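Number of protein chains: 4
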Amino acid sequence: MQYFESDYMEGAHPRILERMMRTNMEKNPGYGVDTYCTEAREKIRKACHCPEAEIHFLVGGTQTNATVITALLRPYEGVIAAESGHINQHEAGAIECGGHKVLSLPQHDGKLSAEDVDKFINDFYADLNYEHMVSPGMVYISHPTEHGTLYTLAELEALSCVCHKHHIPLYMDGARLGYGLAARNTDVTLPDIARLCDVFYIGGTKVGALFGEAVVITRPGMIKQFFSIIKQRGALLAKGWLLGIQFDTLFTDNLYMQISQNAIDMAELIAQELQERGYRLLAQPQTNQLFVVIENEKMQELSKSVVYSFWEKYDDNHTVIRLATSWATRKEDVVELLKLL
Amino acid sequence: MQYFESDYMEGAHPRILERMMRTNMEKNPGYGVDTYCTEAREKIRKACHCPEAEIHFLVGGTQTNATVITALLRPYEGVIAAESGHINQHEAGAIECGGHKVLSLPQHDGKLSAEDVDKFINDFYADLNYEHMVSPGMVYISHPTEHGTLYTLAELEALSCVCHKHHIPLYMDGARLGYGLAARNTDVTLPDIARLCDVFYIGGTKVGALFGEAVVITRPGMIKQFFSIIKQRGALLAKGWLLGIQFDTLFTDNLYMQISQNAIDMAELIAQELQERGYRLLAQPQTNQLFVVIENEKMQELSKSVVYSFWEKYDDNHTVIRLATSWATRKEDVVELLKLL
Amino acid sequence: MQYFESDYMEGAHPRILERMMRTNMEKNPGYGVDTYCTEAREKIRKACHCPEAEIHFLVGGTQTNATVITALLRPYEGVIAAESGHINQHEAGAIECGGHKVLSLPQHDGKLSAEDVDKFINDFYADLNYEHMVSPGMVYISHPTEHGTLYTLAELEALSCVCHKHHIPLYMDGARLGYGLAARNTDVTLPDIARLCDVFYIGGTKVGALFGEAVVITRPGMIKQFFSIIKQRGALLAKGWLLGIQFDTLFTDNLYMQISQNAIDMAELIAQELQERGYRLLAQPQTNQLFVVIENEKMQELSKSVVYSFWEKYDDNHTVIRLATSWATRKEDVVELLKLL
Amino acid sequence: MQYFESDYMEGAHPRILERMMRTNMEKNPGYGVDTYCTEAREKIRKACHCPEAEIHFLVGGTQTNATVITALLRPYEGVIAAESGHINQHEAGAIECGGHKVLSLPQHDGKLSAEDVDKFINDFYADLNYEHMVSPGMVYISHPTEHGTLYTLAELEALSCVCHKHHIPLYMDGARLGYGLAARNTDVTLPDIARLCDVFYIGGTKVGALFGEAVVITRPGMIKQFFSIIKQRGALLAKGWLLGIQFDTLFTDNLYMQISQNAIDMAELIAQELQERGYRLLAQPQTNQLFVVIENEKMQELSKSVVYSFWEKYDDNHTVIRLATSWATRKEDVVELLKLL
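Residue numbers (our numbering), protein chains in the order written: chain V, 1 to 341; chain R, 1001 to 1341; chain B, 2001 to 2341; chain A, 3001 to 3341.
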């Protein structure tokens, strides 16, 4: 059986587990005040070219989004997101559970456009009754998006610019950030993100860690007593050093980028071969997710030997399936997959 | 100046105020356990042909929607509503503030279709990952809708049927219910509504009361300890008998229907005359709201002598404005308005 | 039957109802932007000697407390209150429903002491783990308190001072504020309250209005977009001018103070006579509430002709009952009551 | 330096880490539907003598408490807990953040008494105004408590009995459950707990796991769609099998009990020796926490070589410090500690 269903099917990069093993019986203070966390924070600040950044480690993505968004919004504000955004679709209402509306705008290849955001906010305040509606209080984007696509630097700058113009923060969900940064044709770097976003997170769960996401608040003090908010939302790991060790390892010797690169390389291998064989891809793949149009009959057969994700119906005879590579995908798996396709 | 901006610009029907005046120095127990409330409840039950109904009086519409919806939903559930629904647009996020997502579906003349609801719920449970998403926990409709339109009995029966099929309650926002019931061509009666909805409210604020909405829970005990939820949400009026007096008066001698009829008659007068004069209405008016397409220049002039609502831009030279009649609109106001148009 | 159960058993002062009657068919814009509200605000500002104050009219007390407290707190903060405070006991969890803990401190005759508050906050921040606990984010007091007692000016200044020292706002629940201001031996005036509290409300429901509470934010802009928060919490009255008319009337010709004085005078009459007859009062009454220790047998008999509130068991043979006078209590009612006691 | 500050200073029991290492590159489905979770659930059911129990794995304690409590309560209900309960003190308001009040009762050695609970609920419903207050909706206890004490079987049965009498669930926070079960003089077994509690959790974080708590719902279906609530609260671990592996290991070959026994043995060693040397303990230790009364001067000196927790001031010259052993405490650490004391 070949597994290309998602990018969180394996444990952690071996270097992480080895280090956990090695340090297992050390005694560390809890809640992220240990030296591993301190060092990891320092390395992330360097990688971001953002020496002042405030960094917190949380456990998972939904939790991180809900905690950050609640912390950034006033009670009467909502968060602007693409209609396809993770917070709008697949977080079981975590944002609303925190009291806030997701103000969804149309997605363009999974992305929000600065123009749409600007128009939405302008129209909002042009309405005489705006105080009876949910005020746009921040912008949420993901990079890569749910569709595996990437913002260009120009797009990101435009979004950042619109946010600053309207005095609301820009927040980036980086669950798969490594794959975005390692993409072949991207012009967006980690320092660009740190410069253009007010808050973002560097995903660990899907990029080599057992679990964990590193929230970067680029302007320290922007969120008062964020630690308490993390605790209150149940997002504070008691053994915080486990997060420190993981991110310290990922940001040592460029490991985060290297293993991300692997996912990109493997995805490209598959994409190239599929296209040569006449398969249609829903879009030119940019990161580690491929959306393949496949005949229903062929899909049935494939499901005997390959685990993939159902994406959507294409037409009566075709379906779009998603194949995801990851830091852990080996070339032999890809070869095997290609035999089966 | 002529005022046709909304249907809540005057106080209350004189009979209500007179009765308040007369009973002003009586001493009543608070919180709705007085005899006025008891009698009003009994009259509403009779009007609904629903002798078992549980009835609570709240102060305003947003408050009522938020309180009822919170009380009906489990934490992981959301409320299905038309994209144009009041809870989705003009309640400042009251539903999300209570922890729940509004699951918006396309509106058809302001209405939800049973087919759309059924398809949405079927698709939802067909998704293998449905437990990661917000479960549809109830359906919200308004009658009349935000567009002044009405459900037919067949449409309402279809919606009720879909809700029962999926074991979720149907809730109707009746902020303008009187105008819906008094409409000329409706085949929906109050007993129909009580039969087909699990919970609904009879609007007072816009139909002759100073303020107040009567929530009808058609199956008693359906919401456990609803009184405490009302109190907790700040929706419990201390001097509850003020609501009892108002609804008792409105449901005595058919007053609620009579004064609603006036709004309909006045709206028809205006509509007929406007159409004769060649004005275009956005839709054939069904209740007390008229949406008139008007040249921008003409509109500018009109605004000197008539207060109306801006509805939306129609094209570069035209705008849609809303004119609303009410229980309080007098024939001489209409005559005056028509002179000005 | 004589009714001394509470101070909200009658409608409104006749001047209010008469004015509502007179203005009933006027056409006013909704949501508090009418001229009655504007004038009422101006009069309240003058009465407070606080020309800059921002004033909002809400409908009831629980609603007002929940809305203001939510608006003032950050997510990780709680509100300090006396253990006997209304928000801690009789609001069905409205504060917690808004996401915040009530941090209760011991009451002294129903009051919070500045020393206790200071010690609590100092101890809180002295705890190394304070970020794992609920931060004290504001102080809630009521004046008069639940026990009918009053803060002295010195006590109020001390509380204000402690709050400013710790950079948290002081909020006063003035549900019965009139009775506090009209008390014989108080040295606290309305301008004192406006000077010492960051936010407070002037109660209407229990002091001559049909309903309504006037929130005074002494520093304008302190709560951003409070209007939207009011709307979101369902606390915005559509026909806002009804609140304007009531408060404008109450603050014209000193009516608010005059009618409050009546409640005090009537309470004193009762207290004096009772004490002469050998009844024990739980404390020397300060405002319009008397807590009378009464033999159980006597109480049983009394209940046939007087409606009072049960307060608490005193000992096996005695009970404490509460008698409340109000703006509406007439001398003949008091005479009648005294005959029965 | 000797570390006796808490019971979560080390990683995981080596068998857990070894197994994670061995299975690291296996491909598993996410969110707890893998075979490790299935097997762990089966073993826990067996250990509980509760073949029907529904079991969910969450990451940490605060998160687990907040998620379970929210899932069990209706909006108007609160949770009864000892004043010293973790949810009332050290979870940064997580319960209130979920909308519910903690109804605190006096603690007796950290425990709730059935009598107090019964009286509280009886008094509550005896109050005519109970619907204006927060209804008691469930009971929260921890075993061991915050004070390291244990309920006897009789006490637990009494609590369970009171809860059933009042038709509310009994929930046990078992963050340190292993240490409770392994205590020398306890008569409470895991099957007892499963029989007497409606919901409880078996703590992993403090008892040998890297992280993780196993929620046991003893009557399946009691909480509808709990999975979605877990997801919504951000408490769903993507790589759920990591929790499965940990609990499967802990419940294989009696490991959970064995390592818990170690903490008890080490605590006894310390307690015995301290008492022989004339140290006063705040109470006879029952589990892995010792509360030692120590002279302030001595404490200052000790802090150079031992990491302990400050518990509370005892008198002007003495302080109570807490020493905690754990599954990971070695005899040589204890010997070293005793040298220093």
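Honestly, the hints are just simulated from the structure, not real lab data. Fair warning: this is a prediction, and the values are worked out from it, not measured in the lab. One thing to keep in mind: the hints can contain errors.
Unchecked claim - DMTMM-like cross-link-like pairs, simulated, lysine to aspartate or glutamate; straight-line CA separation at most 20 Å:
#1 LYS3027/A x ASP315/V
#2 LYS3224/A x ASP1127/R
#3 LYS1119/R x ASP187/V
Said to hold, decoys possible - So, partial list: chain A residues that the calculated Cβ filter (under 7 Å) puts toward chain B:
#4 GLU3010
#5 ALA3092
#6 GLY3093
#7 CYS3097
#8 GLY3099
#9 LYS3101
#10 HIS3132
#11 VAL3134
#12 HIS3166
#13 HIS3167
Unchecked claim - Covered, in the sense of this in silico footprint (three residues per stretch, anywhere, with C-beta under 8 Å from a C-beta of chain A), are these stretches of chain V:
#14 32 to 40
#15 55 to 61
#16 119 to 131
#17 276 to 283
We treat Cβ as the ideally placed atom computed from N, Cα and C, and that holds for glycine.
Structure-based check of each hint:
{"no.": "1", "hint": "LYS3027/A x ASP315/V", "in the structure": "violated (31 Å)"}
{"no.": "2", "hint": "LYS3224/A x ASP1127/R", "in the structure": "holds (18 Å)"}
{"no.": "3", "hint": "LYS1119/R x ASP187/V", "in the structure": "violated (42 Å)"}
{"no.": "4", "hint": "GLU3010", "in the structure": "violated (20 Å)"}
{"no.": "5", "hint": "ALA3092", "in the structure": "holds (6 Å)"}
{"no.": "6", "hint": "GLY3093", "in the structure": "holds (4 Å)"}
{"no.": "7", "hint": "CYS3097", "in the structure": "holds (5 Å)"}
{"no.": "8", "hint": "GLY3099", "in the structure": "holds (5 Å)"}
{"no.": "9", "hint": "LYS3101", "in the structure": "holds (4 Å)"}
{"no.": "10", "hint": "HIS3132", "in the structure": "holds (5 Å)"}
{"no.": "11", "hint": "VAL3134", "in the structure": "holds (4 Å)"}
{"no.": "12", "hint": "HIS3166", "in the structure": "violated (18 Å)"}
{"no.": "13", "hint": "HIS3167", "in the structure": "violated (19 Å)"}
{"no.": "14", "hint": "32 to 40", "in the structure": "violated (count 0)"}
{"no.": "15", "hint": "55 to 61", "in the structure": "holds (count 3)"}
{"no.": "16", "hint": "119 to 131", "in the structure": "violated (count 0)"}
{"no.": "17", "hint": "276 to 283", "in the structure": "violated (count 0)"}
In summary, the numbered hints that this structure violates are 1, 3, 4, 12, 13, 14, 16, 17.
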